[in-house]
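Peer 1: Residues per chain are reported as follows:
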Amino acid sequence: MSEHSTYTPGNAVEKWLDDRLPIIRFSKEHLMDFPTPKNLNYWWTFGAILVMCLGVQIVTGIILAMHYTPNVGLAFDSVEHIRRDVNGGRIIQAVHAVGASMFFVALYIHMFRGLFYGSYKAPREIIWILGVLIFILTVATAFMGYILPWGQMSFWGATVISNIFSAIPVVGENIKQLVLGGFAVGNPTLNRFFSLHYLLPFVIAAIVGLHIWALHVPGNNNPIGVEVKESRDTVAFHPYYTMKDLFAMVVFLIPFAWFVFFAPDILGHPDNYIMANSQVTPAHIVPEWYLLPFYTILRAIDFNVLFIDSKLGGVIAMGGALVMLLVVPWLDTSKVRSGTFRPMFKWFYALFVINFIGLTYLGAQPAEGIYTVLAKVCTAYYFIYFLVVLPVLSRIETPKPLPTSISESVLGKAHA
Amino acid sequence: MATQAEHSSTNRRDFLYVATGAVGAVGAAAVVWPLINQLNPDASTLALASIEFDISAIPEGQSVTITWRGLPVFVRHRTAAEIEEAKAVPLAELKDPQTDEERTKEGHEQWLVMIANCTHLGCIPVGESGDFDGWFCPCHGSHYDTAGRIRRGPAPKNLVVPPYEFVSDTLIQIG
Amino acid sequence: MIGAIDMFKTKFIIAAVAAMVGLSTVSAQAAEAGAHIERQSWSFAGIFGTYDEHQLQRGFQVFREVCASCHSARLISFRNLAEPGGPGFSEAQVKALAAEYEVADPTADGGVRPGVAADRWPSSFANDQEARDANGGSLPPDFSVLAKARGVTDPFPNWVFNYFTGYQEGGVDYIHALLNGYHEEVPETAPEGFELADGKYYNDYFPGHAIGMAPPLSDGLVTYEPGEDGVTVPETVEQYSTDVAAFMMWMAEPHLVSRKQTGFVVLLFLVLFAGLMYATKRKLWAGIEH
Chain D
1 MSEHSTYTPG NAVEKWLDDR LPIIRFSKEH LMDFPTPKNL NYWWTFGAIL
51 VMCLGVQIVT GIILAMHYTP NVGLAFDSVE HIRRDVNGGR IIQAVHAVGA
101 SMFFVALYIH MFRGLFYGSY KAPREIIWIL GVLIFILTVA TAFMGYILPW
151 GQMSFWGATV ISNIFSAIPV VGENIKQLVL GGFAVGNPTL NRFFSLHYLL
201 PFVIAAIVGL HIWALHVPGN NNPIGVEVKE SRDTVAFHPY YTMKDLFAMV
251 VFLIPFAWFV FFAPDILGHP DNYIMANSQV TPAHIVPEWY LLPFYTILRA
301 IDFNVLFIDS KLGGVIAMGG ALVMLLVVPW LDTSKVRSGT FRPMFKWFYA
351 LFVINFIGLT YLGAQPAEGI YTVLAKVCTA YYFIYFLVVL PVLSRIETPK
401 PLPTSISESV LGKAHA
Chain U
1 MATQAEHSST NRRDFLYVAT GAVGAVGAAA VVWPLINQLN PDASTLALAS
51 IEFDISAIPE GQSVTITWRG LPVFVRHRTA AEIEEAKAVP LAELKDPQTD
101 EERTKEGHEQ WLVMIANCTH LGCIPVGESG DFDGWFCPCH GSHYDTAGRI
151 RRGPAPKNLV VPPYEFVSDT LIQIG
Chain Y
1 MIGAIDMFKT KFIIAAVAAM VGLSTVSAQA AEAGAHIERQ SWSFAGIFGT
51 YDEHQLQRGF QVFREVCASC HSARLISFRN LAEPGGPGFS EAQVKALAAE
101 YEVADPTADG GVRPGVAADR WPSSFANDQE ARDANGGSLP PDFSVLAKAR
151 GVTDPFPNWV FNYFTGYQEG GVDYIHALLN GYHEEVPETA PEGFELADGK
201 YYNDYFPGHA IGMAPPLSDG LVTYEPGEDG VTVPETVEQY STDVAAFMMW
251 MAEPHLVSRK QTGFVVLLFL VLFAGLMYAT KRKLWAGIEH
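Protein chains in written order, with the numbering used here: chain D, 1 to 416; chain U, 1 to 175; chain Y, 1 to 290.
Just to be clear, a hint being listed does not mean it is correct.
Said to hold, decoys possible - In silico lysine-lysine, DSS-like type, Cα no more than 30 Å apart, as pairs:
no., chain 1, residue 1, chain 2, residue 2
1, U, Lys157, U, Lys95
2, U, Lys105, Y, Lys95
3, D, Lys229, Y, Lys283
4, U, Lys157, U, Lys87
5, D, Lys346, D, Lys400
6, Y, Lys283, D, Lys28
To be verified - So the derived label-pair ranges between C-beta atoms look like this:
no., chain 1, residue 1, chain 2, residue 2, range
7, U, Leu121, Y, Pro114, 34 to 40 Å
8, Y, Ala96, U, Thr65, 25 to 31 Å
9, Y, Ala92, U, Asp96, 35 to 41 Å
10, U, Thr65, D, Asn191, 32 to 38 Å
11, U, Leu39, D, Asn191, 22 to 28 Å
What the hints contain is simulated information worked out from the structure, not anything from laboratory work. Cβ coordinates follow ideal geometry from the N, Cα and C atoms, glycine included.
Put together the whole structure using the sequences plus the hints.
Peer 2: See the structure below:
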């Protein structure tokens with residue numbers, strides 16, 4: 001929003017710089033003066049929290065890479081070397097491992113916030129699509145990172161997930177071998193996953209840049225979903241939202257630190273303290289908690305559909321569950337953005353959240369008995385919500401009257 | 001009156017901002033230090049910073065090369081003739097003047113312990129050779145005498161004597 | 001009205017995320033069914049947990065005199081025993097201890113030399129296969145991180161509380177239970193209806209119950225020196241197993257004490273800083289209707 005520029009170079013050096021690389025102007029416009037709706041609630045702080053999470057993972061990750069050895073014979077011991085011998089290594093390693101979980105906590109909250117407040121609707125479709133790409137890349141990065149300690153869960157998680165590729169008709173087996181660099185998970189797999197695990201966060205950071213760029217074209221959505229109309233609807237990003245975001249980050253760090261210092265292993269699995277062994281499968285293979293919803297969808301398809309066998313069907317369902325998110329802006333055509341003013345949507349949304357938690361829970365349960373039935377029900381609702389509920393509600397729902405502006409709604413709240 | 005109240009409220013606010021900023025800065029510093037400190041030698045490296053070595057197996061006129069802190073170290077059991085030769089050199093002839101006593105431990109003059117990297121550019125000199133019966137560095141032609149002192153060639157300093165001591169007559173602790 | 005809805009959403013989503021994180025991880029471990037494992041009271045549990053030096057020293061004695069004949073601890077170095085937060089041996093004691101062992105060193109005469117503090121704990125077996133052959137086909141697991149490679153499962157809703165209490169002692173609870181889980185009279189025989197293979201022993205807590213390890217401990221097996229204050233510790237299986245489990249926890253998590261101490265300071269700081277940040281943010285926003 002360059003039209004808001006109020007920057008005038010203060011001295012000759014700034015002027016000289018401004019003519020060549022207007023970086024101060026850019027920072028002032030986008031990091032300080034950027035007009036931001038004044039009614040954003042705390043759910044809007046998770047964007048900044050996610051930037052922090054990415055930063056924490058990159059910094060601790062670079063440090064861990066200085067001490068880690070990506071070799072099947074040495075990887076497990078080198079992680080223990082970090083925990084035991086490197087100065088402060090136990091804490092730095094725990095921050096990285098717990099940080100992955102905290103990253104996904106923030107990521108899911110951020111996405112569910114967008115889904116409730118209709119932040120994906122025009123003119124913000126690109127922001128949403130970039131966000132979904134970030135999510136998918138983060139999943140891939142986290143998955144490859146989990147392989148690196150070379151414990152039992154690392155190895156068997158990689159084995160199970162890489163078999164997804166073999167579901168692809170005709171070329172599946174070849175693609176799997178291409179990905180693994182062998183006939184099974186082994187040293188080439190570990191090496192390439194390490195390389196990509198190091199690379200992808202920087203790709204993610206670049207897409208985050210685009211995500212924020214795209215955000216700064218229309219500006220923020222807000223809890224009432226009514227666009228900014230006048231300057232009194234907004235405040236400057238700095239200091240108002242920088243301080244609010246920083247406060248939220250510090251609060252977010254409290255549970256983060258609790259896990260790092262007092263329960264660093266509670267989010268992991270004990271089996272990953274056993275070195276990878278291709279001869280012994282753990283009794284129960286579960287991915288990390290943040291991948292469970294999609295793991296449930298993968299497992300839920302245990303039946304053949306026409307010429308598609310169950311294995312391929314599961315892969316299609318899981319892939320579809322992710323890819324479908326890309327077209328959400330065109331599935332929900334309701335003119336009203338915020339769920340606050342959509343009486344029917346609200347209930348379907350709440351059910352969707354519960355359903356998603358259900359998918360997470362079921363991913364950790366054995367695939368038997370009642371669990372397989374529930375998994376199918378939850379998977380069905382996941383798809384129905386996007387493919388049926390959102391389009392249909394858009395047509396039949398009568399939204400509540402919207403405030404005419406942010407300022408009006410804020411005043412209304414103040415005097416209520 | 002009004003201005004005073006305004007003034008004190010401004011002060012309170014400034015104080016709050018300064019306090020928050022200061023606490024934040026302390027927190028940031030506390031985070032940054034471990035991120036730097038992890039670059040320092042780790043516990044397994046430090047555990048080998050000091051080693052003990054049994055010299056009883058080295059016969060007179062022989063030397064061995066051992067590893068200490070990743071560096072090669074010569075331990076030489078000198079002959080009486082070598083000691084004599086080293087002591088006879090007038091200090092004025094030396095590029096890096098040091099007496100033989102300064103390079104050995106009292107009562108253990110027959111033992112010479114030195115880091116085996118030439119002080120020129122770090123090659124390992126060859127023992128019992130060169131023009132002064134000590135060491136000769138083949139890389140750039142530095143000659144050391146029987147006390148490991150530089151006598152001719154590009155090296156600026158004598159071969160470095162690491163910190164060490166005799167734990168007993170047959171055991172030295174280096175580092 | 002909007003406020004009320006926001007409240008509803010806030011609580012809802014917080015509960016939702018907590019449930020998601022919670023449900024999945026712990027229930028994932030609910031795989032192995034077995035007898036209920038009693039929680040022990042460990043000195044290193046909780047926010048202020050620290051290791052008991054005397055207990056670690058006793059545990060080390062049990063490990064060295066009993067367990068180490070079959071179980072390796074390849075990630076442990078002698079020097080660890082003198083490091084802060086551990087059993088508290090002196091450097092001289094560790095040096096003397098290390099010298100009692102021969103370690104392989106290709107650069108030494110004959111390929112072996114006396115150990116030094118920097119050496120790893122030597123294994124009784126050259127490789128896994130040799131260890132298997134000496135133990136009836138079962139591989140005695142390495143002790144280095146074993147206390148963290150085992151866990152206990154908690155039924156709902158107990159595991160929810162673990163996130164708030166920071167319960168990380170499942171491994172040692174399991175090890176303690178296992179060591180006390182043999183049937184005293186005739187460990188080679190199983191309850192009626194259970195087929196026990198030759199060379200196996202019945203254990204209440206071992207998954208599948210048929211364990212390859214004979215009952216390793218018996219009352220009076222290890223002689224504890226009385227402490228400096230003359231206090232004697234019972235020489236029972238119960239005491240040995242508690243001590244050795246504590247020692248195994250230390251092996252798996254040698255920096256636990258400093259981690260928890262740092263963590264306490266960090267949490268205190270964060271709470272204080274969050275309070276200051278909140279005050280600052282409030283003050284800043286005071287003039288703005290939002």
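Peer 1: If a hint holds in the structure, say so; if it does not, say that too.
Peer 2: Outcome of the hint check:
no. : hint                            : result
1   : U:Lys157 / U:Lys95              : holds, 8 Å
2   : U:Lys105 / Y:Lys95              : holds, 25 Å
3   : D:Lys229 / Y:Lys283             : holds, 26 Å
4   : U:Lys157 / U:Lys87              : holds, 18 Å
5   : D:Lys346 / D:Lys400             : holds, 12 Å
6   : Y:Lys283 / D:Lys28              : holds, 23 Å
7   : U:Leu121 / Y:Pro114: 34 to 40 Å : holds, 37 Å
8   : Y:Ala96 / U:Thr65: 25 to 31 Å   : holds, 28 Å
9   : Y:Ala92 / U:Asp96: 35 to 41 Å   : holds, 38 Å
10  : U:Thr65 / D:Asn191: 32 to 38 Å  : holds, 36 Å
11  : U:Leu39 / D:Asn191: 22 to 28 Å  : holds, 24 Å
Taken one by one, the earlier hints all hold for this structure without exception.
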